[in-house]
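Participant: Below are the chains, spelled out letter by letter.
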Amino acid sequence: MSRLAAFLAKDWRIFASYRAGLAVRAGQILFTVAAFYFIGRLIDAGASPALAPYGGAYFPFVLLGLAFSRYLSASMTGLASALRQEQLQGTLEAVLATPTPLALIAIGNLLSELIWTTGEIAVYLGAGAVLFGLDLGSADLPASLVLLALTVASLSSLGVLSASGILLFREFDPVSWMLGGLMRLVGGVYFPVAILPGWLETMAGWVPLTYALEGMRQAVLMGRPLAELQPMCAALAAFALVLWPVALVVFAWTIRRLQRDGSLSFR
Amino acid sequence: MPALELLNVTKRFHRVSALARLCRMPPPGPEVTALRGVSVSASEGELLAVVGPNGAGKTTLLKIAAGLILPDAGAVRVAGAPPDRTRRAITRMLGIAAGDPPGFYDRLTGRENLRFFAALHGLGRAAASRRIEETLARLELEAPERRYQEYSAGTKQRLLVARALLHDPAVLLLDEPTRSLDPAGQLGLRRLLTGRFGAAERRTIVFTTHQPEEAALADRVAVLIDGTLSALGAPASFGGPAGLAGFMRRPAAPAS
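So the sequences go chain by chain: A and B. Here the first sequence is numbered in numbering that gives the first Met the number 0, starting from 0 and rising by one per residue. Here the second sequence is numbered in numbering that gives the first Met the number 0, starting from 0 and rising by one per residue.
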């Protein structure tokens, strides 16, 4: 626990040393939320019936998609670039010269990304509610929190896989490049999965992001209780249970590969 | 019982493309043999200097001893433990300062960097604070509250050595420990080296150097040339610093 706390404290100190970055990021989110609010106004008149299960309006639908898919981006690109940076500056090697378990190195580097992302999501939803009339009043809080935990647990495992990819391939990360793009396409970030052609809709069933966004929208926008969201919860739990052990095995294999190549620090 | 043993260690580096790495294809690039069947040991409390020209394999030797690079053949034994001991077990007994890149966080202060690595070594808050203050004082490290990126090269070098000492390791591996230090700093660090950084006769230290007078401080000197251990003995057997200087300038033996 103290090692995890050390990772968090370290990342917080580095993060706090870039105060301007915080304001810039908040500004970026506000512009994104505003842009999608106006896109929503543009298309709401002829909105697809596929939006009806989410209340019929596009802006709340896409805002939830944008906000909670951030966990995917943070895990896949955030952790990957953080570990790549650690490799380049030699701190990955320095950390491996301590008796820190490999799983803890992965989780330690991931944790602050996830906490930071949760803050970003709060800004997304806060801006939507305060500035653009997003109605969060009917949200079922317990269901939302359970789904949030399962979303983080399942999507973050992909981050460890992605980080392994970038440590191994250095200049590009095939996991984020292929899997991340595919998941954003079929996972329902920008449009309901129901409008996809049959074969893509089938593919969406194999993507954890689909269940995460569907569950979060049902809990937050439609106020569905946990009992009605069990299929989504079960799918996310299954993804987490399968993907985490795979991700940790791949990460350990990658580190061993780097030790063999002599490239724990950049060469 | 030796504190550290390298047994017939061989290491080759390949220029491997990402695709070749994934598909386990034969390496397309040239092969560099960093170490060829090197066997060397250091007993408890011994000060062992490793010298040799650039590219002789000195840093690779230290990193293999620390478990940061895996050898292609041969084994490393720390404190007589079986060679298959895990990385975590080895890191409890070993400290390494090999700084290229140095592996510190630019935006953290020197003290914050040390606090982070002390926690990763499993030191509690009080023990970490005590060890950090001890090592800062011992290495005469100035301005620990300044950011790492603001340090001079010499201060960065001292911080590197300080980090390796945090968990009071039985075996210390130092890659050119006096690099970037001014003459006074070099003298001070050499005094610490011969005093085993306060651990009297307990601590084993293996260090690399390009300076004959520094190598002459060691109990024994190992000469690496072109990845091969070409000589090993007391500094006197090389004729002291002057003799060592000649030996260190010796051209690499032709590759077999």
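Derived from the structure by calculation, the hints contain no laboratory data. Where is the CB? At the ideal position from N, CA and C, for every residue including glycine. One thing to keep in mind: the hints can contain errors.
Restraint ranges, calculated between C-beta atoms of paired labels, are given here [claimed, not checked]:
| hint | chain 1 | residue 1 | chain 2 | residue 2 | range |
| --- | --- | --- | --- | --- | --- |
| 1 | A | PRO100 | B | PRO52 | 33 to 43 angstroms |
| 2 | B | ARG146 | A | GLY180 | 34 to 44 angstroms |
| 3 | B | ARG145 | A | PHE37 | 45 to 55 angstroms |
| 4 | A | PHE37 | B | GLU141 | 49 to 59 angstroms |
| 5 | A | PRO173 | B | THR193 | 45 to 55 angstroms |
Participant: Run every hint past the structure and note whether it holds.
Facilitator: Here is how each hint holds up against the structure:
no.	hint	result
1	A/PRO100 <-> B/PRO52: 33 to 43 angstroms	39 angstroms, holds
2	B/ARG146 <-> A/GLY180: 34 to 44 angstroms	38 angstroms, holds
3	B/ARG145 <-> A/PHE37: 45 to 55 angstroms	48 angstroms, holds
4	A/PHE37 <-> B/GLU141: 49 to 59 angstroms	56 angstroms, holds
5	A/PRO173 <-> B/THR193: 45 to 55 angstroms	51 angstroms, holds
In the structure shown, no violation is registered for any of the earlier numbered hints.
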